Structures are given as C-alpha cells and as structure tokens.
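Asks: One-letter residues, chain by chain:
Protein chains: 2
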Amino acid sequence: MRALEFEQKSVCATTAARRGQIQTGHGSIETPVFMPVGTVGSVKGIAPWTLKALGAEIILGNTYHLHLRPGEARVEALGGLQEFTAWQGPMLTDSGGFQVFSLAQLNQISEEGVKFQSHVDGSHRFLSPETSMDIQNRLGADIVMAFDQCPPATATREEVIAATDRTTRWLDRCISAFKRDDQALFGIVQGGLHEDLRLAHVEALAARDLPGYALGGFSVGEAPSVMVDLLQRVTPALPADKPRYLMGVGTPRDLVEAVAAGIDMFDCVLPTRNGRMGTVFTSEGRLNIKNARFADDRGPLDPACPCRTCTTYSRAYLRHLFITKELLGLSALTEHNLFYYLDLMRRIREAITAERFPQLLDEVRSLWPLKA
Amino acid sequence: MRALEFEQKSVCATTAARRGQIQTGHGSIETPVFMPVGTVGSVKGIAPWTLKALGAEIILGNTYHLHLRPGEARVEALGGLQEFTAWQGPMLTDSGGFQVFSLAQLNQISEEGVKFQSHVDGSHRFLSPETSMDIQNRLGADIVMAFDQCPPATATREEVIAATDRTTRWLDRCISAFKRDDQALFGIVQGGLHEDLRLAHVEALAARDLPGYALGGFSVGEAPSVMVDLLQRVTPALPADKPRYLMGVGTPRDLVEAVAAGIDMFDCVLPTRNGRMGTVFTSEGRLNIKNARFADDRGPLDPACPCRTCTTYSRAYLRHLFITKELLGLSALTEHNLFYYLDLMRRIREAITAERFPQLLDEVRSLWPLKA
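Residue numbers (my numbering), protein chains in the order written: chain A, 1 to 372; chain B, 1001 to 1372.
Quick caveat, the hints were computed from the structure, so don't treat them as lab data.
One or more of the hints may lead you astray.
Only part of the chain A face toward chain B is listed, based on derived beta-carbon distances under 8 Å [what the hints assert, rightly or not]:
| id | residue |
| --- | --- |
| 1 | Lys9 |
| 2 | Ser42 |
| 3 | Ala316 |
| 4 | Thr324 |
| 5 | Glu326 |
| 6 | Leu327 |
A quick note: this is a predicted structure, and the numbers were derived from the prediction, not measured.
Heads up, the beta-carbon is just placed ideally off N, CA and C, and yes, glycines get one too.
With the hints as constraints, model all of the structure from the sequences given.
Replies: Following this line, the structure appears as structure tokens:
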C-alpha cells in the first residue's frame, strides 16, 4: 500500500462536491473532513478521548510550534507524534512556512530558506524545504505539507509570481529531501487572487503526481466572496483522484462553499479559538456567551444541539464560567464548537451521498451570510 | 425524613476511624469522604461527568464567591446550586466567614457581623449569621455551614476565647435565621490550639443537637503534628451519631490521621490547586511535572494509577503541556490528583470495613511523612 489512498465514493450532480475516503497508516478518514488544530500537539482544552467521541478523524499539528517545543528529536525519540500526543488516529503536520511568515520575527528570506527568530525565546532558527522535511519526517504525521512561500495579501502580481515559482522549486527540493514512505507529501498551490497564476501553478504541481494537493494563501484578508469565486474556478483543475485540502479555512459558510467547489479537507482555528473567546456557532447563528442578556438564560447554548455542553449546561452557567474565568468554560465552548463543525461535515457527507447537498448548501447559506 | 441522616456502619477496633453513610435529598455519601472544591460552582477544569466518573459524591461551593458572582438571587432563580452547576449530587456550602477573613479587604468585625470589600470589584458588603443563612438558603446546598469567627493563628488565648464565644452566639443566630427544612445546618467548633477551649466549645455546640459538626481553624499555620495531636483528643468528644467534618484539610497524611481520630468529611483545594501548578500526588510520593528530568520520560505520572491521565499520557507529554501552558495539562493533572484523593478515601473506607485500617494508616504514614 502507498502511504495514502484516496477513493472518491459519490459526487454531487449539481455542484462539484464529492464524498470520499482517505486511507492512512493510522486509520481511515471520511471526506469532506474538518481537522481540529492541535498546535503544539494538543487541541486546546480537549482530551483525545473527547476528540474521538466528537467524531474527529484527523488532527493537525504545527511544525513551527513543535520544532520549537518540544523539538522533533524529542518527539521522534518518544515514538512520534501519535504516540507522544496519545491521539491514536491520523495526523497531518503543516510545513512551518505559514507560521514563520506570521508569528516569528523574520530575519531573511532567500532562495535557500527562511531565517527567523523564535517567538518563544528569540533564538535564531532556519527553515528550508530540507529542514521542514526533516522535521516532519521525524514528527511522523501521516500527511506532511511541502514548504511553501505564502505571499502577503498586499503582494503585487510580480511578487506573487516570484513566490509561486519559488514554491515550485522548493517543492522539488521537498520531494528530494523527503525520506519516509509511510508518510504522504502534499504540494501547496499558491498564486494569490490571480486565477491564471493559480491555474498555472495547479498544472505545475499536478505534474509531480503527489498523493494530495492543498490550496494555500486563502483567507488571508481577501473578501470571502472573492475566495469563493476563485475556489470555484481553481478547485476543479486539481487532480480529481487526489484529496484536495483548503488550508486554514474557515467559517461554516466557507466550508460548504468550498465543498461545493470540490474541496475535501479543511483545518481552521475558528471553532477552538472562538470557543475560548466565548463565541459559539449555533443552529441559530453566532453568539457570544459573555453578553449580559444570557445572565439569567436557563436554555442551552444551542437548543438544536445534542452535544454534552448543550445537554448539560445553561447559558447562564456558561456565562458565569466566562465571567469568573473558570477553565471549564473554555473547554465547554470549545467542545460545542468542535461538535458543530464536525457535525456540519457529517451532514455534508450524508447530504452528498443522499443527493441533497444543494439543499444543505442553501440552508447553510441562509443561516451564515457571506461577509462582504 | 430529616434533611440529613447519618448512619455509622463499622468502626475500627484499634483507632477511632469509622465508616458511615450520609443520606441527603440529593443522594447518599459514603464516609469518610473527600469533597472536591468547586469555588464558584465549578471544580476548576473538571466537568461534572468526570467528577462522577472519578467517584466524587459531594462537591463544596464557596458562599463568599457565589454571593459575589453570580449572586444567590440569580442562583435561586435558576433553580438552585445543583441545577445551576449541573452537578446532580449532594453539595455543601461554607459560610463565607473564612473567605471574608482571608480574601476580602476587611473593614470591621463587630458582634453584628463583618463589613468587607469584595476582592472582585471593591464593593462594600456585609456578612452576618443572618445574611450567611439567607445566602445559603437561597443557594440551596444540602449541607450549610454556620457563620463563625476563625481567629488568626497568631491570636492570644483571650482572643481565641472571644472568637469562640462569639461563634456560639452567632451559631444561635444562624439557627434562628435558618429557613429550609431540606437543608442541614452544621455547627463549627473553634478554640484554636487550646484543648480545653476546643472541648468546651464541643460541649456548647453539642447541646444544640445539630445534624453535623465541623472543626474549623485547623491547617492555618500550625505544625501538622500539633493538629494531629489535638484532633486525637478533640474529635472523640464530638457526638458519635453525627457526621464530623474537618474543614480545609489536607495532605494525604493529614486525611488518614484525621480519619484515625474519627473524622468523616474533608474538603481541601490541595489536589486541584496543586494539579494546576504541576504538582501531583502519586503512589511514590509527590512530584512536579515541570521538572526537566521528565522531559524524555515515557512512563506515566504514577505507574500504579489506573486513572485516565496515567493510562493515556506520558510524563514527557504532560511536562510539554505545562511548559507550553496548554489547558489540557491543567485538567489532566487535576483529574489525576482528584483520582488519587478519592481513591485514597475508597481505600480508607474498604480498610475500615475489612478491619485493616491500621495497616493502611502505617502504609500512608511511611509514604507521606508528617512535616515538622
């Protein structure tokens, strides 16, 4: 068996949505799938048995963070990322590139790689296609991402072209440096908001016949409608027999739009980060539990939700937990939001199989307006 | 039925240890019992279903904190403390006295009560036997504590006498003000480290024929051996047919010593607070997970422990969670420590029934030396 097998199981007759299954060495994943983000090897506040019970099938870890702490050598010596984090299922690591550009103090970007300073201790570090592959090989996730250059939202067309070309050259260095045949390396399509650059990059990457492809550089400040338009034109050009991953996206509305465009995989910090800020996704829209109007509200967060948070606690109690800064509030709202996201993906998969995905798309569109 | 029934089921032939059962309107409690502390209505980081699974039978809430946020009127309107916190079992509230003396900015203590400023917002507040009873009646816990005056560890004998006498007068006002017959009011014995004052106060309180009695004013700075000596002489004087509660104590060693003296109930923040600080109680003694020697340790926190934390995570991973300040570390160590305490109480109860409590006492004494 190859490190990763993808099987397309059913397709929507109206949209480009498709249901499939990914087989990895640590188990199978039903797609379209949402991957909770476990930055340093832990989905903040949520135990692995809870992730399992919520229906999570694959967890993302961040190479940048894990490289800084505890370091890939330690994770490798401790048996790899799954053994280390006690998550028994499939995992994916990103390349570290996005965090180097967004979190670290950047010192220098060159053809060789990126010099930066750690946001933890200011130490000088270097990340390149080769070091990213080495780190990810040692971390040992099932899916590994190529080291790419994600240009800022403000980049000119010329800068985007330069970053896209470099990303292709870096991909070839990733392929050469990549060492493990029980891991699958995905390439990342860049090209900013330029349809022609995106399509050209898709073509360049598809020629490498990788086990999967991601779209990077979305949700970096552009209007959601711009992203959705572009996804509809670019996604179908990606190889149909490989999983397609839209990185770092998004809202519930973004997810259904991207599925309609043919995307199979998602990761995003929204459900977890928003949960810790007191904001939840519900069948009635978004709400922030800290709002004073919930102080005496005996009802659940979301009357339609069967999750443990909604069947156990009142809004009044959850608000009290946030006002008094109790830890339990953070995990309770995070758990609800993850349930919401994972349940939305379940509903999407079932709707595709039952040939009613367009109806679900309409339903989600009416609840979650696309922001301007 | 009265608000609370206590039945003594077996006694140790060698020590004053006893096993019993308390029946409340929200269920029964096997004694000796440890009550996890849920200060503002939540045991920090631990969901009620986890508390249940750990074997917790009764949770403590703090009147001082709940009075400040969310306020007793709100808790009452929301159905009382159990309904509000989603804890389905028995609960106990303290009187607020201890926190007023330790946490708040004290303005004035008089025969009428205590004027203080909230540590949350500086607002001016007043707590007295009558207001404490009113607050606790509205909160609605199964067991309610009398409002007492706990003298500081540095108090002179004359000051201790004055505080003890006032505590008796305040108890009578508590009894008069107390309104609900589905709650049980416990009296609190004071008297500092003076055996004669303690015994005299026991006699004064026993005359009130209350459903239970607590020993207050211990573990406030005295040497543990001094506390244990005094407990051995004072506890047997408490009515044998009522539950005996040692407030705010203590270490595993303190618990077995107090059980040997005849105590039935305990509460303490040690397992929860220490867990959040990275310190755990194990079958091999105490350890702090932040210690560098655990960085590559694949073993569990406690090799002899069957709790979820010990059967799921390595010390290396738990240390990583603390070093990176991940929420999961706080709840994982808290859960282990609560398991340790609740399991110790199970072992104590079983040992009393099986007539081998003295052996367990020796075992715990050799693992946990009494600090000087």
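Asks: It remains to establish, for every hint, whether it holds in the given structure.
Replies: So, going through the hints one by one against the coordinates:
1. Lys9: Hint on Lys9 of chain A: violated, closest Cβ of chain B at ~33 Å, above 8 Å.
2. Ser42: Since chain B brings a Cβ to about 5 Å from Ser42 of chain A, closer than 8 Å, the hint holds.
3. Ala316: Holds, about 5 Å.
4. Thr324: Holds, because the Cβ-Cβ distance from Thr324 of chain A to chain B comes to roughly 5 Å (cut-off 8 Å).
5. Glu326: holds (5 Å)
6. Leu327: holds (4 Å)
In terms of the numbered hints stated before, the structure departs from hint 1 and from no other.
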